[in-house]
Structure formats: C-alpha cells, structure tokens
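Q: So the chains spell out like this:
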Amino acid sequence: MDSFDLIVVGSGPGGYVAAERAGALGKKVLIIEKEHLGGVCTNRGCIPTKSLLNSAKLYTHAQDGKQFGVQAQGVSFSLLDAMAWKEETIKTLRSGIEFLMKSNKVQTVFGEARFLDAHHVQVGETVYEGSYLIIATGSSPFVPPIPGSKLSHVLTSDGILEIKEIPASLVVIGGGVIGIEFASFFSMIGTKVTVIEMMSEILPMMDGEFAKLMRRELKGVDFHLGCKVEEITPEAVLYTDAKGEKKSIAASLVLMSVGRRPNIQGLEKLGLDIGRQGVVVNDRMQTNLATVYAIGDVNGRSLLAHSASRMAEVAVSNIFGSKSMRMRYQAIPWAVYGNPESAGCGITEAEAAKLGIPVRSQTVQMRANGRFLAEHGKKGAGLVKVICHAQTGAIVGVHLLGPYSSEMIWGASALIEAELRVQDVKEIVFPHPSVSELIKDACFQLDHTL
Amino acid sequence: MAQQVVMPKQGNSVESCIIVEWKVKPGDKVAVGDVLCSAETDKSTIDVESTAEGVVLALLFEEGAEVPVMVPIAVVGEAGEKVEASAAEVPKQQIEEQVHVSVAAVVESPVAAAGQATGASPRARHLSDSLGIPLSAVQPTGPKGRIIERDVLSAKGQPLSPVAKKQALEQGIQAPASGSGIGGRVLASDLAAKAGEPAAVVEPVAEEVTEIAVKGVRKVTARRMMESMHSTCQLSLHAFADARALKRLRAGFKASKPELGLQGITINDLVLFAVSRTLVQFPAFNAHFLGDKILRFSHVHLGVATDTAKGLLVPVLRSSEQLSLKQLSEGTKELIGKCKAGTAQPDELTGSTFTVSNVGSFGIEAFTPVLNVPEVAILGVGTIVLKPIEDEDGDVAFVEHIGLSLTMDHQAVDGADAARFLKALMDNIASIDLLLAM
Numbered sequence: 001m002d003s004f005d006l007i008v009v010g011s012g013p014g015g016y017v018a019a020e021r022a023g024a025l026g027k028k029v030l031i032i033e034k035e036h037l038g039g040v041c042t043n044r045g046c047i048p049t050k051s052l053l054n055s056a057k058l059y060t061h062a063q064d065g066k067q068f069g070v071q072a073q074g075v076s077f078s079l080l081d082a083m084a085w086k087e088e089t090i091k092t093l094r095s096g097i098e099f100l101m102k103s104n105k106v107q108t109v110f111g112e113a114r115f116l117d118a119h120h121v122q123v124g125e126t127v128y129e130g131s132y133l134i135i136a137t138g139s140s141p142f143v144p145p146i147p148g149s150k151l152s153h154v155l156t157s158d159g160i161l162e163i164k165e166i167p168a169s170l171v172v173i174g175g176g177v178i179g180i181e182f183a184s185f186f187s188m189i190g191t192k193v194t195v196i197e198m199m200s201e202i203l204p205m206m207d208g209e210f211a212k213l214m215r216r217e218l219k220g221v222d223f224h225l226g227c228k229v230e231e232i233t234p235e236a237v238l239y240t241d242a243k244g245e246k247k248s249i250a251a252s253l254v255l256m257s258v259g260r261r262p263n264i265q266g267l268e269k270l271g272l273d274i275g276r277q278g279v280v281v282n283d284r285m286q287t288n289l290a291t292v293y294a295i296g297d298v299n300g301r302s303l304l305a306h307s308a309s310r311m312a313e314v315a316v317s318n319i320f321g322s323k324s325m326r327m328r329y330q331a332i333p334w335a336v337y338g339n340p341e342s343a344g345c346g347i348t349e350a351e352a353a354k355l356g357i358p359v360r361s362q363t364v365q366m367r368a369n370g371r372f373l374a375e376h377g378k379k380g381a382g383l384v385k386v387i388c389h390a391q392t393g394a395i396v397g398v399h400l401l402g403p404y405s406s407e408m409i410w411g412a413s414a415l416i417e418a419e420l421r422v423q424d425v426k427e428i429v430f431p432h433p434s435v436s437e438l439i440k441d442a443c444f445q446l447d448h449t450l
Numbered sequence: 001m002a003q004q005v006v007m008p009k010q011g012n013s014v015e016s017c018i019i020v021e022w023k024v025k026p027g028d029k030v031a032v033g034d035v036l037c038s039a040e041t042d043k044s045t046i047d048v049e050s051t052a053e054g055v056v057l058a059l060l061f062e063e064g065a066e067v068p069v070m071v072p073i074a075v076v077g078e079a080g081e082k083v084e085a086s087a088a089e090v091p092k093q094q095i096e097e098q099v100h101v102s103v104a105a106v107v108e109s110p111v112a113a114a115g116q117a118t119g120a121s122p123r124a125r126h127l128s129d130s131l132g133i134p135l136s137a138v139q140p141t142g143p144k145g146r147i148i149e150r151d152v153l154s155a156k157g158q159p160l161s162p163v164a165k166k167q168a169l170e171q172g173i174q175a176p177a178s179g180s181g182i183g184g185r186v187l188a189s190d191l192a193a194k195a196g197e198p199a200a201v202v203e204p205v206a207e208e209v210t211e212i213a214v215k216g217v218r219k220v221t222a223r224r225m226m227e228s229m230h231s232t233c234q235l236s237l238h239a240f241a242d243a244r245a246l247k248r249l250r251a252g253f254k255a256s257k258p259e260l261g262l263q264g265i266t267i268n269d270l271v272l273f274a275v276s277r278t279l280v281q282f283p284a285f286n287a288h289f290l291g292d293k294i295l296r297f298s299h300v301h302l303g304v305a306t307d308t309a310k311g312l313l314v315p316v317l318r319s320s321e322q323l324s325l326k327q328l329s330e331g332t333k334e335l336i337g338k339c340k341a342g343t344a345q346p347d348e349l350t351g352s353t354f355t356v357s358n359v360g361s362f363g364i365e366a367f368t369p370v371l372n373v374p375e376v377a378i379l380g381v382g383t384i385v386l387k388p389i390e391d392e393d394g395d396v397a398f399v400e401h402i403g404l405s406l407t408m409d410h411q412a413v414d415g416a417d418a419a420r421f422l423k424a425l426m427d428n429i430a431s432i433d434l435l436l437a438m
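Read top to bottom, the protein sequences are chains E and W. Heads up, the first sequence is in the working numbering, so the first residue is 1 and it goes up one at a time. Heads up, the second sequence is in the working numbering, so the first residue is 1 and it goes up one at a time.
Please note: incorrect hints may appear among the correct ones.
As the list claims (entries may be wrong) - Distance condition first, Cα-Cα at most 27 angstroms in a straight line; then the derived DSS-like pairs of lysine-lysine:
1. K354/E x K166/W
2. K378/E x K212/E
3. K156/W x K323/E
Said to hold, decoys possible - Where chain W lies over chain E, by a calculated footprint (3+ residues, C-beta under 8 angstroms):
4. 294-304
5. 412-422
Hints are computed from structural coordinates only; laboratory data are not their basis. Predicted model only: the values in this text are computed from it and were never measured. Here a beta-carbon is modelled for each residue, glycine too, at the ideal position from N, C-alpha and C.
Taking the hints into account, I'd like the entire structure generated from these sequences.
A: Have a look at this one:
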C-alpha cells in the first residue's frame with residue numbers, strides 16, 4: 001500500500017494550495033481529484049466568470065466610448081468566442097496547477113475518493129494510506145425543492161457556463177454574489193434579466209446603501225426583493241411578492257443561485273463531527289479527529305476561494321510547520337466583479353450594531369476623485385465607506401463600489417489586520433491619481449486633526 | 001600616578017547618568033579616548049571615554065548605578081599601582097553604605113540627592129510610550145528602584161497594533177509576548193483575553209494589588225542575600241544545647257536586685273556571650289572569605305540581626321569577646337534601640353566578623369540562616385524546647401534545650417570544623433555558668 005505524509009482530497013484553491021505547501025516542505029503528498037485540478041474556482045467559478053465578465057465589459061465599453069472620443073461601429077458579442085476564451089484561460093490555469101503539483105513532487109490521482117477511515121482513502125481499487133488527511137471537497141450549488149426546479153432550462157452556475165446561445169430572458173433566483181455576477185454579465189450582453197430575491201436586499205454582506213446603488217447601477221436588471229419563488233414552468237417563474245400577491249415572469253432560462261452546500265457525502269464513515277454549515281473545525285482547521293483537517297467550503301466557515309487557500313496554509317502549518325497559525329476571519333475581503341465592481345472587508349454598520357460595537361463611518365463619492373472623474377465623468381456612480389470604532393478609531397470595515405474595488409480591497413484587509421486607526425491610515429501615502437485615495441479622504445473626514 | 005576619570009558633564013540640565021554597561025574591567029589597558037562605559041542620560045545613551053592613559057585600576061560603580069556628573073567613576077594608572085582609598089572607596093561606600101542605612105541615619109550625599117527622582121528615566125518613559133509597555137509592568141533595575149531604558153526593552157515582545165498600544169498604556173495592561181495578529185502581533189483583543197484570563201477560571205474578585213518599590217533596606221537586603229547565595233557554598237548544621245543553665249541564670253538575673261543592673265540580661269545575651277567566647281577558640285569561624293584569601297580577625301565583632309520596621313539591619317557589637325556579660329547586654333540593647341529608632345550610624349552597621357540571628361521568640365526550633373557575606377558563618381538561635389534525655393540510670397527526663405543552627409561557607413571551612421565549633425558552643429551554653437566564671 002502506498003503511504004503518504006499527507007493525503008489531500010479535492011484540488012480547489014484549498015486542496016491544491018495545501019498539497020503545494022506540504023510538498024514544498026518536503027513531505028510526501030497525494031492529492032485526489034475527481035474531475036479537474038483547480039476545483040470549482042478554476043473550472044466553474046471564479047475564473048470562468050471573470051473571463052466572461054471581462055468580455056461583456058469590453059463589449060459595453062466599446063458601445064459607451066463616444067463621450068471619451070472612441071466611436072466603434074458594428075460592435076457585436078459572440079458568446080461562442082467568449083466561451084472559447086474562457087476555456088483557454090481555464091486550461092492554462094489548470095496546467096499551471098499541474099505544474100505546481102509536479103514541481104512540489106505532489107502525486108496526483110484522478111477519481112472519486114472513498115474515505116475508509118482517518119488514515120485510508122480508496123480511489124478505484126487502490127487504497128492509499130496517509131498520516132494526515134486534509135478534506136477539501138468543496139461545495140455544490142444548492143437546488144431547493146421547488147416544483148419545476150428540475151426542468152432542463154433551470155440551470156445552476158455549473159450549467160450556465162456551458163450554454164451555447166444568449167438567452168432572450170433570464171430569471172436569476174437568488175441575489176447573492178453568484179446571482180449578481182451572472183445578472184450583470186447577461187444584462188451587458190443583451191439578455192432581459194430579472195433577479196428574484198427572498199430577502200429584502202441583495203448581497204447580504206454589502207452595506208445597505210451600497211446594495212441599493214448597486215441595484216440602480218445594474219442597468220437592465222429588474223429586481224424583485226422579498227419575493228418567494230413558488231414554481232417554475234417551462235415558460236415562466238411563478239412567485240409571491242412582498243405584499244403576498246402571486247405573480248409571474250416569463251423566462252427562457254432560469255439560474256438557480258440560492259446558495260451552496262458543503263460536499264460531505266461519504267465523510268460520515270470517518271466519524272467526523274458535522275454541523276449545519278459543514279465539517280466542524282477549530283481555528284487550526286482541525287476536525288474532531290486529531291489527524292483529519294477540513295478546509296475551504298466543506299467546513300462552511302467562509303465560502304471564498306482565498307479563505308480556502310489561507311485555511312490550507314493554516315492547516316499545513318499546524319500539521320508540519322510551526323503549529324502557531326490560527327485562522328482569522330475578521331479581515332477576509334470579498335469582491336463582486338459585475339459592472340460596477342464592488343468589494344468589502346470587515347463589518348458593516350448593521351453588523352456593528354448587532355455586535356454592539358460603537359462605530360463611526362464616512363462615505364465619500366467616487367466622483368470627487370481625480371482619476372475616477374477622468375475615466376467616468378461627473379455622472380459616474382461609486383462610493384467608498386470607511387467604518388471605524390467610535391472610541392479607538394480602529395478601522396473595522398471598508399466598503400467599495402466602483403472601478404478597481406476588487407484590486408484595492410486587499411489594502412483594507414491590511415489595515416484591519418494590523419488594527420490601524422484612522423489617524424494611522426492618514427499617515428500612509430496613497431498614489432495620485434488613484435481611486436484608492438478616497439480611502440484616505442474618508443479617513444481625513446473621520447478625523448480632521450493633524 | 002593614578003588618575004580619576006569622572007562622569008562627564010552632559011550639557012547644563014543633566015545632573016546624573018546611569019551606568020548601563022562597563023566596557024572595560026580592572027586590569028585592562030586604556031588610552032585617552034577609549035570607551036570605558038556606556039551611560040544613559042535623561043535623553044540619550046552616551047559613551048564615556050577615558051581621559052587618562054594606563055591600566056584600569058578600579059571601577060568605582062556597578063552597572064545600573066546613577067552617578068552625578070563630575071563624580072569619579074574609574075581610576076586609571078600604572079599596573080600594580082595602589083589605589084588610594086580616597087580616590088576609589090569614598091564614592092562607592094557612599095552609595096553602598098548610605099543606601100544601607102539611609103532609612104535610619106539620613107546622611108545626605110550628592111548621590112543620594114540625585115537619586116531622589118525615583119520612577120522612570122525620561123528615556124525609559126519615551127520607550128514605554130512608543131512600545132506600548134506600561135511602566136507598571138516593567139521590573140526596575142536602576143538605582144533606587146528607578147526604571148531605566150533597558151528595563152523597558154527587556155519587557156518587549158511582539159509589536160502591538162496602534163489600538164492595542166493605546167489600550168495597554170491607558171489601562172496599564174502588560175501585553176502578552178505574542179498575539180493573534182499577523183506574525184504574532186498583539187491586537188486589542190489579545191489584551192482583552194489576557195485581562196480576562198483569571199475571570200475565565202474564577203469568579204471575578206475585586207483584587208487590590210499594592211505595588212511596593214524595592215528600595216532602601218529592602219533593596220540592599222535583596223542584593224546582599226542574592227550575593228550571599230550566589231557567591232558562597234552554604235551548609236547548615238542543627239543542634240540543641242542543654243538550656244537549663246541559661247534558664248537558671250536568666251531567672252537569677254531577673255530576681256536580682258535592681259541596683260546591680262542585671263535584670264535586663266536575656267537568654268540571647270547569654271548566647272551572644274557564649275558565641276563571643278567560643279569564637280576565640282575557633283578563629284576559622286571569626287573570619288571573612290574573600291575568594292583568594294581568608295581574613296581571620298583577632299577580635300569578635302558580633303553582628304546582631306535585628307528586625308526593624310524598615311527591614312533587617314545588622315548592628316555590630318565590637319570586640320565582644322572583651323565585654324563582660326553586663327557590658328555585652330547593655331551594648332546590644334543600645335544598638336538594637338538605635339536601629340529601631342533609625343539612628344544607627346554607618347560604622348555601627350558595618351564590619352561584623354560573625355553574625356547571630358535569633359528567631360526563638362517566634363517558636364522557631366531550627367532554620368537555615370543565610371550567610372552575611374563575606375563572613376564565614378552565621379548562627380541561628382531557635383526557641384527552647386523540651387527534649388527527652390536518658391540519664392546514667394536509664395531514666396528519661398524532659399530537659400529544656402535551645403535550638404542552634406549554624407550555616408557556614410564550605411568554601412572556607414569544612415563540615416567537621418563546623419561540627420566541632422557547634423559542639424563546643426553547645427557545651428559552653430550548657431555550662432554557661434562556668435564560662436562566666438572564666
């Protein structure tokens with residue numbers, strides 16, 4: 001029987017990073033993947049959606065260039081070419097991960113993993129033995145048992161990435177990150193898009209003021225908030241609105257994006273403690289079994305690729321490294337890559353109120369910024385909000401809506417991780433002209449003293 | 001010709017400097033301009049350079065001492081040259097001895113005056129602010145319990161976040177050495193966790209902690225006790241001496257006519273008398289051990305450990321072997337009285353050749369007294385207890401015995417020597433009436 005220092009099951013941004021880090025430490029590592037290296041992120045999530053959204057943004061900008069002195073005729077969008085570009089990107093990244101595994105001497109096995117016990121995993125007929133086991137099996141789209149949810153035109157984020165034609169109309173059920181990114185994409189390429197959300201606002205992690213502006217800026221998308229989908233027919237989606245009235249919207253395509261569920265099938269044999277969110281772990285990513293760790297979506301703690309990668313490092317550090325690392329969740333940034341982009345890190349004012357943290361906040365308009373004005377004009381929409389602790393001045397939340405948000409937000413993570421205060425941030429020099437200067441502007445408005 | 005090097009003047013406002021580290025030791029060759037030591041002023045750390053050429057003959061202060069400017073700190077001269085007492089000893093003695101008795105005999109000196117500013121040096125305060133280490137969490141090693149820069153540095157752990165730093169200073173919380181932030185940085189939540197640790201175990205109790213600076217007699221005692229434990233090889237022997245003669249005499253003195261002046265003679269006086277006479281027979285125990293030499297003294301200068309409100313003081317009964325019991329008793333009482341009143345003079349507190357410490361009044365039977373270095377031995381006197389003793393006829397009677405604990409420096413004497421000395425002392429105490437007749 002082949003035996004390893006570490007067996008990693010799942011090769012998404014959690015699993016492959018764990019395998020790479022452990023391999024780099026000189027450990028004998030096996031990674032088991034049932035489909036493609038890279039997991040959902042590379043193959044059916046982060047990367048393909050970014051590829052498609054970029055195509056759609058180029059198409060939009062080509063049409064909107066007149067005021068900037070750029071006129072283009074005969075601009076069209078080819079879904080097939082966009083999809084081909086997306087596939088090309090995925091393949092390149094996959095081979096990159098394959099190279100990473102090889103260069104770190106990680107053995108890769110393709111196939112469905114069967115967990116025998118805490119130290120044995122079977123793939124096909126072969127049983128592998130591992131001193132440690134990292135479960136990184138990820139999550140899958142959740143399809144609620146709504147009548148008609150199994151109809152062929154009802155797709156999840158997996159299926160919608162494979163379509164061949166631009167749908168005339170799309171109903172997106174669920175206004176979370178996935179739903180909003182697809183709504184933005186399809187609205188940009190000419191599909192009539194409607195988002196039906198059960199909660200009273202889209203994007204639950206987003207500041208309320210920002211979500212409202214986001215809805216306004218997602219031109220071509222209709223929103224129905226506080227509505228419950230009752231049934232899906234081949235022609236329409238039937239729902240009850242906030243007032244309790246029954247309504248329907250015609251849809252040639254339906255995207256089911258109400259959430260994701262951890263992939264915990266087969267784990268019960270290990271005797272793992274499994275909670276409502278997924279496999280229960282401590283802040284070292286350790287399960288109730290001392291040699292079994294669970295990282296990424298499968299533990300349900302933070303369903304983001306970058307969280308999974310960090311969890312991988314924490315787990316490997318606790319298995320083979322200094323054992324001092326702990327997962328910290330308070331400064332994990334998120335980003336929504338629609339048009340416009342948005343991103344955030346830390347808490348919102350609503351969350352602060354719930355947690356009983358006294359805060360002060362300052363919102364600034366992006367059009368007050370030189371670079372933003374040059375590129376988007378006076379009518380451009382964008383916001384920056386900085387939230388600080390009312391007493392200590394420590395930055396506890398940064399929220400961005402507008403261009404470059406996803407690229408700027410890491411700075412907010414650093415500020416929050418370092419527990420810097422408004423007065424400290426004011427001492428940092430930001431590049432000019434850049435949209436990021438707005439963070440400093442907000443800080444100055446929170447504290448005028450020098 | 002030996003020359004003194006003085007603590008240089010650092011501008012008009014600096015009155016004294018703290019010697020942080022000596023860079024030379026006695027015997028080292030130095031030239032003019034060579035760095036002798038680093039010293040901390042209120043504002044900076046300076047290198048003190050030699051102003052003389054030759055061999056370092058003496059360093060007049062220890063590291064950590066606060067020295068007024070223009071006071072000699074070192075003597076440089078020719079190899080083998082004798083250092084005059086006036087050049088070397090005076091400042092050092094001023095520091096050492098005056099601190100020892102300062103609570104009792106208030107003797108003003110430039111050093112004592114400069115050292116009045118207890119607390120923390122400005123440099124230590126600045127560092128405390130910039131690192132977020134509350135001064136209350138720092139162990140002072142400067143003179144008179146003063147916190148100096150290196151004390152703050154030694155309390156330094158992982159950097160604190162700005163928020164944590166402010167909270168630590170405001171609330172006087174000593175941050176943990178590492179926290180839960182990036183690279184172990186200490187966050188405000190780590191301070192909260194630290195502050196909350198005891199509460200997690202027990203019900204929160206309003207705890208009042210009183211902080212007492214280690215200074216004066218306490219500081220001198222602390223230093224001397226550690227010196228004692230570090231520099232000697234201590235061995236204690238315990239024995240009990242027949243106390244019937246002691247008791248009999250004490251009863252007789254007590255009942256004597258007042259005009260004889262004998263009523264105040266105590267059991268302890270009798271023990272001191274026996275010790276003074278026994279030491280004459282055992283000069284090896286009336287001695288100082290100095291590492292490379294042993295000094296034996298012709299007179300017994302008896303140190304009498306004395307418990308005062310300010311702490312332990314050891315007044316010295318000079319030439320005790322020449323005193324009559326009555327003189328010895330009166331002399332002891334006078335010295336103890338001065339110590340308790342705080343009027344003992346420095347020369348009454350130095351120069352003992354052997355020390356006696358009596359804790360018998362507390363009911364202690366035996367203990368291990370700590371050597372009063374450089375003395376070779378110290379006698380602990382315990383309480384009087386009844387011991388079953390078999391007489392010649394095989395009958396067992398309960399006889400009063402006094403506890404004797406002798407600690408000696410095994411570097412200077414051997415266990416058998418100590419046993420012989422203690423046995424002689426036991427015999428002298430048992431037949432103290434005969435000893436008195438001699």
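Q: Run through the hints listed earlier and report the numbers of any the structure violates, in increasing order.
A: When the structure is compared with the hints, only number 4 turns out to be violated.
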